[in-house]
Amino acid sequence: KQEVTQIPAALSVPEGENLVLNCSFTDSAIYNLQWFRQDPGKGLTSLLLIQSSQREQTSGRLNASLDKSSGRSTLYIAASQPGDSATYLCAVVNNDMRFGAGTRLTVKP
Amino acid sequence: DAGVIQSPRHEVTEMGQEVTLRCKPISGHDYLFWYRQTMMRGLELLIYFNNNVPIDDSGMPEDRFSAKMPNASFSTLKIQPSEPRDSAVYFCAIVDVRESNNEQFFGPGTRLTVL
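Top to bottom, those sequences are chains A and B. For the first sequence, my numbering begins at 1 and goes up steadily by one. For the second sequence, my numbering begins at 1 and goes up steadily by one.
These are computed hints drawn from the structure, not numbers from a lab. Owing to the predicted nature of the structure, the values given are computational and were not obtained by experimental measurement. Just so you know, even glycine gets a beta-carbon here, dropped at the ideal spot from N, CA and C. Accuracy of the hints is not assured; some may be wrong.
Computed cross-link-like contacts, PhoX-like style, restricted to lysine-lysine with a CA-CA straight-line distance of at most 25 Å [unchecked claim]:
| no. | chain 1 | residue 1 | chain 2 | residue 2 |
| --- | --- | --- | --- | --- |
| 1 | B | Lys24 | B | Lys68 |
| 2 | A | Lys42 | A | Lys108 |
| 3 | B | Lys78 | A | Lys42 |
| 4 | B | Lys78 | B | Lys68 |
| 5 | B | Lys78 | B | Lys24 |
| 6 | B | Lys24 | A | Lys1 |
Ranges of calculated distance between the beta carbons of each label pair, as one might list FRET restraints [to be verified]:
| no. | chain 1 | residue 1 | chain 2 | residue 2 | range |
| --- | --- | --- | --- | --- | --- |
| 7 | B | Asn50 | A | Ser69 | 27 to 33 Å |
| 8 | B | Gly28 | A | Tyr31 | 19 to 25 Å |
| 9 | A | Glu56 | B | Asn52 | 32 to 38 Å |
| 10 | B | Glu18 | A | Ala79 | 45 to 51 Å |
| 11 | B | Pro81 | A | Ala79 | 50 to 56 Å |
| 12 | A | Gly83 | B | Asn102 | 25 to 31 Å |
| 13 | B | Ser27 | A | Ser52 | 22 to 28 Å |
| 14 | A | Lys108 | B | Gly28 | 40 to 46 Å |
Modelling step: build the complete structure from the supplied sequences, incorporating the hints.
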C-alpha cells in the first residue's frame with residue numbers, strides 16, 4: 001500500500017526566501033505525482049503535475065522535481081511571498097491517488 | 001477550464017438524518033472522484049468513476065455511504081444514516097485525460113457537520 005509522507009509538517013520563513021518542500025513515497029511504480037495548494041477553508045488548487053517519465057516541471061516561481069528511484073519529489077518555491085502562505089499537498093497516483101498530510105507554509109512579511 | 005460545482009457548500013444535520021452531497025462537473029471529464037478530508041486522517045479517496053461507471057469503492061467507509069453517477073454531468077454521495085464521525089469536508093474532483101493529461105481538478109468542497 002502506497003504511503004506518502006511530507007516533511008516538514010509546518011514551515012515558517014521570512015518573505016523573499018527560497019524554500020523546498022519534500023514529499024516521499026514508498027512505491028516507486030507511480031503513474032504521476034501532483035502538487036496542490038490548499039488555503040484555509042478552501043478546496044485544492046493544482047500547482048504542478050509530473051508524469052512518471054518526467055524529472056521536473058516548472059510554473060513561474062515553482063519548480064517540482066521527481067526522483068522515482070528514491071521515492072522523492074520536491075517543490076521549490078523561489079522568492080517566497082506572503083501570498084504563498086497555504087498548505088501544500090503532494091499526491092501520488094498508481095492504482096489510486098494517495099495524499100500526503102501536507103506542509104503548512106507561512107511566509108512572514 | 002476544468003471546473004466542478006459542489007452543493008451545498010455547508011451542511012449541518014442531526015445524527016441519523018440522511019445527507020446527500022452533489023457534484024456537477026462544468027467541463028468534460030473521464031474520471032470523477034469523491035474524497036473526504038479530516039484533520040485526523042487527511043485526504044482520503046472514497047470512490048471514483050470512469051465514464052460514469054464506479055471503478056473502485058474500496059475507500060467507502062461503511063455501507064451507510066453510497067455514490068451514484070446517473071449521467072456525465074452529475075454525481076451524488078449519500079450518507080444514510082449520518083453519524084457525528086462523518087463530519088468532514090467532502091471534495092469532488094475530475095480528470096479530463098484528453099485535455100489535462102491526468103491532472104485532477106477539485107471542487108470547493110462541502111463542509112458537513114453532523115451533530
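Original post:
Hey, lysine 42 (chain A) versus lysine 108 (chain A), does the alpha-carbon distance stay inside 25 Å?
Top reply: holds, 21 Å
Original post:
Is the hinted pair lysine 24 (chain B) and lysine 1 (chain A) satisfied, with a Cα-Cα distance of at most 25 Å?
Top reply: violated, 31 Å
**OP:** Indicate whether the distance between the beta carbons of glutamate 56 (chain A) and asparagine 52 (chain B) respects the range 32 to 38 Å.
**Re:** With a Cβ separation near 35 Å, glutamate 56 (chain A) and asparagine 52 (chain B) satisfy 32 to 38 Å, so the hint holds.
Subject >> Whether the CB-CB distance between asparagine 50 (chain B) and serine 69 (chain A) falls inside 27 to 33 Å >> reply: holds, 30 Å
**OP:** Can you let me know if the beta-carbon spacing of lysine 108 (chain A) and glycine 28 (chain B) is within 40 to 46 Å?
**Re:** holds, 42 Å
Subject >> Distance restraint evaluation - glycine 28 (chain B), tyrosine 31 (chain A), Cβ atoms, bounds 19 to 25 Å >> reply: holds, 21 Å
Original post:
Between glycine 83 (chain A) and asparagine 102 (chain B), does the beta-carbon spacing fit 25 to 31 Å?
Top reply: Taking Cβ atoms as reference, glycine 83 (chain A) and asparagine 102 (chain B) lie about 28 Å apart, which means the hint holds.
**OP:** Take the C-alpha atoms of lysine 24 (chain B) and lysine 68 (chain B), compute the straight-line distance between them, and say whether it is at most 25 Å.
**Re:** holds, 12 Å
Subject >> Hint consistency between lysine 78 (chain B) and lysine 24 (chain B) [alpha-carbon to alpha-carbon, up to 25 Å] >> reply: Holds: lysine 78 (chain B) and lysine 24 (chain B) sit about 15 Å apart, inside 25 Å.
Subject >> Range hint 50 to 56 Å (beta carbons of proline 81 (chain B) and alanine 79 (chain A)) holds or violated >> reply: holds, 51 Å
Subject >> Proposed proximity, lysine 68 (chain B) with lysine 78 (chain B) (alpha carbon, max 25 Å) >> reply: holds, 8 Å
**OP:** With respect to the beta-carbon atoms only, verify the hint that glutamate 18 (chain B) and alanine 79 (chain A) lie 45 to 51 Å apart.
**Re:** holds, 50 Å
Hint compliance for this structure: hint 6 is the single one not met.
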